[in-house]
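Protein chains: 2
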Amino acid sequence: MSNKSSIGIGLMGIGVVGGGVARILLEKSKLLEELVGCPVSLEGALVRDIAKPRSFDLPSHLLTTNVEDILNNPNVGIVVEVMGGQEPALDYILKSISQGKHIVTANKEVMARHGPKILGLAREKGVQVLFEASVAGGTPIIAPLLRDLVANEIITIHAIINGTTNYILTKMAQEGMDFDLALKQAQELGYAEADPTNDVEGIDAAYKLAILSTLGFRATVRDTDVFHEGITRLTSRDFRYAEELGYAIKLLAIASKQDGAIQVRVHPAFVPVDVMIAKVDGVLNAVEIQTDLTGRVLFHGPGAGSMPTASAITADLVEIARNLAGNVVPPPPVTFSDDVRVRPIEELNTKYYLRLNVADRPGVFAQIAQALGDLNISIASVIQKEADAVSQAAEIVLMTHRANEASMQNALRVVNELSVVNEIGNLVRVEDWE
Amino acid sequence: MSNKSSIGIGLMGIGVVGGGVARILLEKSKLLEELVGCPVSLEGALVRDIAKPRSFDLPSHLLTTNVEDILNNPNVGIVVEVMGGQEPALDYILKSISQGKHIVTANKEVMARHGPKILGLAREKGVQVLFEASVAGGTPIIAPLLRDLVANEIITIHAIINGTTNYILTKMAQEGMDFDLALKQAQELGYAEADPTNDVEGIDAAYKLAILSTLGFRATVRDTDVFHEGITRLTSRDFRYAEELGYAIKLLAIASKQDGAIQVRVHPAFVPVDVMIAKVDGVLNAVEIQTDLTGRVLFHGPGAGSMPTASAITADLVEIARNLAGNVVPPPPVTFSDDVRVRPIEELNTKYYLRLNVADRPGVFAQIAQALGDLNISIASVIQKEADAVSQAAEIVLMTHRANEASMQNALRVVNELSVVNEIGNLVRVEDWE
Chain A
1 MSNKSSIGIG LMGIGVVGGG VARILLEKSK LLEELVGCPV SLEGALVRDI
51 AKPRSFDLPS HLLTTNVEDI LNNPNVGIVV EVMGGQEPAL DYILKSISQG
101 KHIVTANKEV MARHGPKILG LAREKGVQVL FEASVAGGTP IIAPLLRDLV
151 ANEIITIHAI INGTTNYILT KMAQEGMDFD LALKQAQELG YAEADPTNDV
201 EGIDAAYKLA ILSTLGFRAT VRDTDVFHEG ITRLTSRDFR YAEELGYAIK
251 LLAIASKQDG AIQVRVHPAF VPVDVMIAKV DGVLNAVEIQ TDLTGRVLFH
301 GPGAGSMPTA SAITADLVEI ARNLAGNVVP PPPVTFSDDV RVRPIEELNT
351 KYYLRLNVAD RPGVFAQIAQ ALGDLNISIA SVIQKEADAV SQAAEIVLMT
401 HRANEASMQN ALRVVNELSV VNEIGNLVRV EDWE
Chain B
1 MSNKSSIGIG LMGIGVVGGG VARILLEKSK LLEELVGCPV SLEGALVRDI
51 AKPRSFDLPS HLLTTNVEDI LNNPNVGIVV EVMGGQEPAL DYILKSISQG
101 KHIVTANKEV MARHGPKILG LAREKGVQVL FEASVAGGTP IIAPLLRDLV
151 ANEIITIHAI INGTTNYILT KMAQEGMDFD LALKQAQELG YAEADPTNDV
201 EGIDAAYKLA ILSTLGFRAT VRDTDVFHEG ITRLTSRDFR YAEELGYAIK
251 LLAIASKQDG AIQVRVHPAF VPVDVMIAKV DGVLNAVEIQ TDLTGRVLFH
301 GPGAGSMPTA SAITADLVEI ARNLAGNVVP PPPVTFSDDV RVRPIEELNT
351 KYYLRLNVAD RPGVFAQIAQ ALGDLNISIA SVIQKEADAV SQAAEIVLMT
401 HRANEASMQN ALRVVNELSV VNEIGNLVRV EDWE
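So the protein lines, in turn, are chains A and B. In terms of my numbering, the first sequence opens at residue 1 and continues consecutively. In terms of my numbering, the second sequence opens at residue 1 and continues consecutively.
No lab work stands behind these hints: they were computed from the structure. One or more of the hints may lead you astray.
No copy is singled out in the list; a pair is fine if it fits within one copy or between any two copies.
[Said to hold, decoys possible] Think about it this way: if two alpha-carbon atoms lie no more than 20 Å apart in a straight line, the pair counts; the simulated SDA-like pairs of lysine to any residue are:
1. Lys279 with Asp432
2. Lys95 with Val414
3. Lys117 with Asn323
4. Lys184 with Thr220
5. Lys279 with Gln174
6. Lys279 with Gln290
7. Lys351 with Thr400
8. Lys52 with Val16
9. Lys184 with Thr335
10. Lys28 with Arg218
11. Lys95 with Ala143
12. Lys184 with Arg429
13. Lys171 with Tyr191
14. Lys4 with Pro330
15. Lys279 with Glu124
16. Lys125 with Leu26
17. Lys279 with Gly246
18. Lys171 with Glu244
19. Lys171 with Ala143
20. Lys28 with Phe217
21. Lys279 with Thr170
22. Lys30 with Pro333
23. Lys4 with Leu121
24. Lys28 with Arg341
25. Lys171 with Gly260
26. Lys279 with Trp433
27. Lys279 with Asp339
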């Protein structure tokens, strides 16, 4: 089947994910040869420190600290980039492509920020760039989106694509834990980093959503296009009210297209408990895609981890290697439109959950309702009113009908200035599966 | 990109699914041309009766009742077979392949029964046969299994791949409905056929499981290898007990591989409520695949319906059309081992739920425990004992530890002969996600 004697792989990075890839290359070499039609051989691995002990040891002659050893190795047909971070990963990817090497990467940051540049150069040089592992780790999502849903128009994407925050929110929901404690547990378990900003502020999810939206809408969506709001303001009270109201709270990455404009946002959201994505717990990921033909399909599985992520990378690697082995020139990747309007968050139209700490005296609710009504926000229901005798304060929780985000933000400012309002507890957007 | 002027499609069958395919071919022709690199044109459609009114009308010059018009049309490069049933579909598929035409089919029955023959001929003739729509309708499963999980060894597959029965079981669980009434509702809604045998006896799911197992284990699994037991014995009492015990009842299609042998079975199963697949309700499908590298991934979505199924067919069609347009010779399909042992159901080792109607008098339980114990079946818990004063009968519900199926069946015979046992209410296998 093949006229190549072997397909050479250059690995950039052998951390958690890279180590997994190396293991698969060595331990499943027979399977890979069978699938590809010729041997797939690891030609070299770029590391920062050769002497550093690793959970999985590679023959030392394969290790190098000099990227040129990979870039200039004519036997390397495919570069697997699993260093993560923006630089030098981007530089190495571009140089590899310039050398005519195909790319498999798990790098969401690079793909979200520089995808168009990378794919443009790849097109020019006639090489493939695949990045299944950059979104939802081991859960197949990019290939199914591009392949299985190819005839579909994507209407919305609802995704849980950050395992760290989903773990934290699950703990808060199921055990009534506070954010700080849940975060600490996640850090102890290695699910969250020492500096958790990228995860808890929704930045990591925004990268991934930019990638998914670009592919789904065939339009360039940059990470900077994605509105993101983190989970740090959520309290155990919010989870208690959500449960009473029949909702789960999830950090959702949401992309939608309407009237030719795209809206992309990452924020905590109330999700009806009976919806499949509301049932996704712990560090797992899920992506639900709603389309014109298929309705809703959901992909659920591990969003990180050494072997799951390495599995996704290997799938990309096998695809490219089979093409190389069979001298197949794959069709060029689809192009992405560059002139699609991205709707700012101010144009969002949704329902809201609002929790307020107010003075416990008559007429307070009327003032709040008035302030909201003045900005065309109508209240669907008032859910809770807990009075605290000592502080003479009460908690009002209300759900609105659909309203405009800009109006809601204006209304919040007005409400916040009311003398009867002590504090705005939280405002959470409500996603109804309508 | 293309050196073909057009890719011609021959459609065999324009019922519910075929009509959807025709609609996509006509209404999304611009998108298809963009994706494939040249126009994709419907060259002809085989129907039984040209005059029959259809929800979607095709230009009458495209309709034919003579299969030769498709087989001998040199412009037809891809035949889409959506007639369903075994014959004449099988005959037409084989003849099409012999003519060098590529095949896209949604026919689970033909692929489950004659897959090896069809794929063998396809290999010989150098054509592609794709059948994404044959399992779980519009939910991507075959391509992700073959592509994204390519480096994985499949350990188990747990699937809900019959929407009719899942609808019925959901009604029974949520509304306490009896089987007969739930079936009647499913029939009224068009989810179940007038003769529901294929669905409710697990035959339809067995076809699909044979296909999934063949692909997952790379070993030929025939529909006749699949043990199947239907849902007709389930009563509302079983659902009540299941709920109390923390389980849902689902008609599961289960494939597993252990010590080189495969076990494939379709039967009602107790599934822990907190497991993702237990939460799949209504007519939807879900397939959960457990692998060595990725752990568990789940695919969830529509298992039938005109446009969802047509979406899956179109994805296959685009894949082949792109290859044709680009003169790409795809790698030959993987071959399937023919000498894998299929373990008969008697070798199953699982936990059981057993419901018995017994005489309400002392010593009864001891006799039952003795009969089970004699066959090495140990009881994990006795859950319910409801006495009925009028009939002097009681109901005993027990859960066993893991036991051998053959022993369990023998034990049931012994138990059934005990004078104190009025009736064996039900025996349901328990799937624990361990």
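Against the structure, the hints come out as follows:
no.	hint	result
1	Lys279 with Asp432	both (15 Å within a copy, 19 Å between copies)
2	Lys95 with Val414	neither (54 Å within a copy, 74 Å between copies)
3	Lys117 with Asn323	neither (23 Å within a copy, 27 Å between copies)
4	Lys184 with Thr220	neither (37 Å within a copy, 49 Å between copies)
5	Lys279 with Gln174	both (12 Å within a copy, 17 Å between copies)
6	Lys279 with Gln290	both (17 Å within a copy, 19 Å between copies)
7	Lys351 with Thr400	within (5 Å within a copy, 49 Å between copies)
8	Lys52 with Val16	within (14 Å within a copy, 61 Å between copies)
9	Lys184 with Thr335	neither (43 Å within a copy, 49 Å between copies)
10	Lys28 with Arg218	between (35 Å within a copy, 16 Å between copies)
11	Lys95 with Ala143	neither (25 Å within a copy, 32 Å between copies)
12	Lys184 with Arg429	neither (26 Å within a copy, 41 Å between copies)
13	Lys171 with Tyr191	within (13 Å within a copy, 39 Å between copies)
14	Lys4 with Pro330	both (17 Å within a copy, 16 Å between copies)
15	Lys279 with Glu124	neither (44 Å within a copy, 47 Å between copies)
16	Lys125 with Leu26	neither (30 Å within a copy, 35 Å between copies)
17	Lys279 with Gly246	both (12 Å within a copy, 16 Å between copies)
18	Lys171 with Glu244	within (17 Å within a copy, 25 Å between copies)
19	Lys171 with Ala143	neither (32 Å within a copy, 35 Å between copies)
20	Lys28 with Phe217	between (36 Å within a copy, 16 Å between copies)
21	Lys279 with Thr170	both (10 Å within a copy, 17 Å between copies)
22	Lys30 with Pro333	between (30 Å within a copy, 17 Å between copies)
23	Lys4 with Leu121	neither (25 Å within a copy, 27 Å between copies)
24	Lys28 with Arg341	neither (46 Å within a copy, 23 Å between copies)
25	Lys171 with Gly260	neither (39 Å within a copy, 40 Å between copies)
26	Lys279 with Trp433	both (14 Å within a copy, 17 Å between copies)
27	Lys279 with Asp339	neither (36 Å within a copy, 41 Å between copies)
Against the hints set out earlier in the document, violations occur for numbers 2, 3, 4, 9, 11, 12, 15, 16, 19, 23, 24, 25, 27.
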